[in-house]
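Chemist: Going by this note's numbering, the residue at position 57 of the sequence shown is 66; the numbering climbs one at a time, nothing skipped.
Since the hints were derived computationally from the structure, they do not count as laboratory data.
Just so you know, nobody snuck in bad clues.
Okay, the calculated beta carbon distance ranges per label pair:
#1 Thr79 - Met59: 28 to 38 Å
#2 Val36 - Arg71: 44 to 54 Å
#3 Glu43 - Met14: 41 to 51 Å
#4 Ala11 - Ala46: 46 to 56 Å
Okay, derived cross-link-like pairs now, DSBU-like style, lysine-lysine, Cα gap no bigger than 35 Å in a straight line:
#5 Lys15 - Lys32
#6 Lys61 - Lys76
#7 Lys32 - Lys50
#8 Lys16 - Lys29
#9 Lys29 - Lys15
Just so you know, these numbers come straight off a predicted model, no measurement behind them.
Positions of the beta carbon are idealized from the N, C-alpha and C atoms, including for glycine.
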Amino acid sequence: MAMVMKKLESLEEKMANMEKKWKEAMVNMRRLEEEMANMRKEREEEMANMRKEWEEGITNLRAELHKLHTILPVQFGATRDDIQPEGGLAEIAGLPGGYTPSSSKGMEKN
Numbered sequence: 010m011a012m013v014m015k016k017l018e019s020l021e022e023k024m025a026n027m028e029k030k031w032k033e034a035m036v037n038m039r040r041l042e043e044e045m046a047n048m049r050k051e052r053e054e055e056m057a058n059m060r061k062e063w064e065e066g067i068t069n070l071r072a073e074l075h076k077l078h079t080i081l082p083v084q085f086g087a088t089r090d091d092i093q094p095e096g097g098l099a100e101i102a103g104l105p106g107g108y109t110p111s112s113s114k115g116m117e118k119n
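Make a model of the complete structure from these sequences and hints.
Modeler: So this is what it looks like as structure tokens:
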């Protein structure tokens with residue numbers, strides 16, 4: 010009977026240790042889940058910031074292209090009637106009108 014009691018106590022100790030380890034593992038798993046959620050949130054914020062910077066850059070480039078599209082042709086003697094409603098780099102940028110370089114005339118209508 011004493012052997013059975015010792016064996017039972019030994020099994021109870023093992024079970025208590027396993028339960029303790031299980032609880033520690035659960036705490037660690039929750040901590041890792043929180044860290045993963047935080048990392049995911051940070052990554053999403055970084056991506057949003059990068060997209061915002063990219064969109065601002067595109068907007069600035071479009072504005073510069075618009076300036077070039079409207080100011081440079083006038084500097085080269087173009088009139089409003091010379092500007093066509095579509096074509097060139099302005100069309101690629103989503104702006105109306107545009108000139109393309111020409112080897113013979115400098116600036117030429119599309």
